[in-house]
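Q: Residues per chain, in single letters:
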Amino acid sequence: MEKQKIEERLIEAMVRPIWIKKEKLKEYLEDFLKGKRYYVSKYLDIEIASNEKIEIAEYGIFKAIALSYETGTILAYGDDLASLIPPNSIGILEKGDIKKSLDDLIDLISSNNEKPFVFINGPSKTADIEKKLVIPAHGPKEVILFIIDF
Amino acid sequence: MNLKEKIVEAIRDEKLKSNLWRAVNHSLESRKKVIERNYKNWEELRTKAKEIRKFSCENLEKLWEEAREKIERRGGKIFFAKSKEDALKIAEEVLKEYRYSPIIKSKSMVSEEIELRSYLEKKGFEIYETDLGELIVQLEGKLPSHITAPAIHLSKEEISEIVKSKLGLEVSNKEEEITLCIRNFLREKFLNAKASITGANFIVSENGSLVLFENEGNIRYCLNVSEKVLVITGYEKIIPKIEELKIFTKLLPVSATGQYQNSYTSFYPIDKKFNLIVLIDFRKKILNSNLKEVLYCIKCGCCLNSCPVFSIIGGHSYFSVYPGPIGIMLSIFSNPKYSKKILNFCSLCLACTENCPVKIEIHKIILKGRSFFANKALNFFGLISKKSIFDFSFNLYNLLPFFLKEIFMKNWTYNREILDFKKKDFFDLWKSKK
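Chains B and V supply the protein sequences, listed in that same order.
First residue of the first sequence: 1, per my numbering; consecutive thereafter.
First residue of the second sequence: 1, per my numbering; consecutive thereafter.
These aren't lab readings, by the way, just hints derived from the structure by calculation.
Think about it this way: if two alpha-carbon atoms lie no more than 27 Å apart in a straight line, the pair counts; the simulated DSS-like pairs of lysine-lysine are: (1) 5/B with 246/V; (2) 99/B with 48/V; (3) 99/B with 22/B; (4) 285/V with 241/V; (5) 100/B with 48/V; (6) 299/V with 62/V; (7) 241/V with 292/V; (8) 123/V with 337/V; (9) 194/V with 89/V; (10) 141/B with 34/B; (11) 100/B with 141/B; (12) 17/V with 32/V; (13) 131/B with 164/V; (14) 115/B with 62/V; (15) 131/B with 156/V; (16) 376/V with 340/V; (17) 189/V with 53/B; (18) 82/V with 292/V; (19) 141/B with 156/V; (20) 194/V with 141/B; (21) 228/V with 53/B; (22) 272/V with 42/B; (23) 17/V with 132/B; (24) 15/V with 131/B; (25) 284/V with 337/V; (26) 272/V with 115/B; (27) 42/B with 189/V; (28) 122/V with 82/V.
In isolation and in its complexed conformation, chain V is listed as follows:
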């Protein structure tokens, strides 16, 4: 199935549409209420957050050097992986003695970027996702469809079926019972696990510590019950000081899930129990480009919820680990073979930019991406950049017989009336009023 087919399928899926719509609206409404009630200084927080992320991304080498010193002094290990393949090999090496015991894993976008779990599973490792939504999509065999609500594309009946068929457990289709069933299933893994894999929301350079946000409690298990913890994260995920968490502990839960506070935020000095893999890959390359703001992203998923395109087509339509507005360029960077057509998944409404907690100008990034990947060969003699050519084409279209108009515009006319182009467009009217 290609991109277009997938989108059409998504648009026509009433159940997906209603689930997705309910989910994103709920997050946005809660977010709005929490900000109104508690954060009169919300804009100030966003500005500070962007400054911190900008400073961090401009000083990554120095910050990682400081973190490394603190981590190694405690006996922890840190590896900088230049590529996905490097990261995968290091992960296998770090976990090799645990090949035949169950490994518990909590959410990590980078681990999905490099397809860590399937690589390790092919090598004989037994890995359990412990975030409820991630476990469900692991069992389903698909990618998560949203950064913070991975199973949002599934109804509770579908989830119940997946649990029944893949885990062989009897369960109703009530949310509480499904959750209880998975709680009991994973509890046994938690209490017997010897190794875990986690991601990182932030690494703090000042004392070489790891910060992780959650609601379920599975991350706390992953951090505490094992003898060895593999942490995998991106090169851009570091901030200088503990003090700066004062900003992010406020911005992140509100932006990610519309909560004032999430249930558990863990602050862990990285010591001898931990092995940290830091993936560099494309991140160094874009540091000096005009697209470097992409690296400021804290993966809250707020732009996904804000996006009118995402909330109709859903995460799977992007065929990427990183969906939504920020995902458009992230997907292309992390996988250069990726279809550039996703640059069109945007109506430039700017809702993402307005809501981004780190004030990334996401719409500008998409525009720059479009400009970069535009098929310049089509613009011979600069013809396509000329308004007069467009005006000419529109006037020509207006003269066509009805049946030809229908054919040309079939994607529009499938559920809309045929329209003619107006003689004067917005620019003409604006000019004439001046």
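The shape of chain B in the complex, shown without the other chains:
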């Protein structure tokens, strides 16, 4: 599970990885979001509060429960709309939640099978018009993944 391989697969899935030390997270995030309208998911506790309603936020910050690094797929709560409504999304992931494959994510779903979940693999896209890939369709055009390194 080397860092470089994880990054490669994430970039292929069109997710931008940013590695950050836990103690620097709040500061970095506040700096990143300066001057922007953002909404923070109720599933996160990162000491940053939304400064805007979800419908008009530019950035949605959501909880990345786990990552399957083989496919670059992020596991999130299905009703965590911070990962859907704002046109840019930022997932917050703990490094220890990096798993190998989709199978591992499905095991996680199995063990908590009363909650809604979603696999997120990159930005929203469509190829319905003459098979030309267009990003985004109805969801976010950018997915950034903050990976909290200890």
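For this one, chain B is given, so just place chain V on it according to the hints.
A: Positioned in the frame of chain B, the structure of chain V alone reads:
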């Protein structure tokens, strides 16, 4: 326009041909690359998938009973509709309080099978398809021409015209701008919708949950923003365990769109927000027939892309909600009045069977269908089954004057040379070499 006229029109439509060809080739090439790179065990996955689907279809009653218990415990409602008419009435009842507010809808093959949207629209409901391709064909007023690429028969110029004339919105004919225009149009519907309609890729019996695959994000909206969600799916769409999704989350995106992974896969325990209609219709009837493998289908559309006939004539030539190889028998089952001529839309090349992620022997299903519907009355005294009769007819044809040959074989000779039948056919040569 009848079947034949439609096919001739499709074959002569250069733009359709090039669009379709590009689309199916792109899907097949990507699929091949993803399998080569990531799935050395692809055949094993297919075998497991078929086992799961076979087991599921052999235990549907028990699986649905288990699912029902879990769903009802959470306050969700489930209805088993024996017929299309039942399903339509239940849907209207479920959505009745939303008759005058906009309803958002995501893709569902079964909803198209029963013509749900047009039924509800006639009753005064306002329904918006939210899958980009489905919205475009809704505005166009036609059937989707492909399971996963519904608007593939349209050029971007035609799509732009449709958006301009039906939505009254100014838009160029660039793909990104058309998509942005529709994104903005639907966003307003998404943020204000009170009710949605969705389909289901799978229902998981173990915990009574719904699984849906997409790229656009419209399905996530449909699942989350409304106070009431109507899910409509077929009786065969259930699998026993969450664990088994390990197989399908790998097979489905690769087979459907040639992607390693699709953008969003939602896993939703069906609770009090949901009303699930399960359509039985013809499905129970074929469970014990030799055509039951048709029910294993996961509606990926891979057989469509693999089929040389489909990739020339396009989905509209089938005049059905279910086009392509698997669609041949599905169409006939779901609508018994359907023309049996579509059984001829197949050259038995077996490409569909080779590529089907669930290892359905689609060519065998078509052959069995042909055998079942063959006009047995024509075969008086078993004459047509005799090779000697064919040989005799071919030799007779060879003796005809040129102008009569041209008339007999006019569908062949429209763009090909007239040929005579050889004295010895393949079977004769094979026999003589032995």
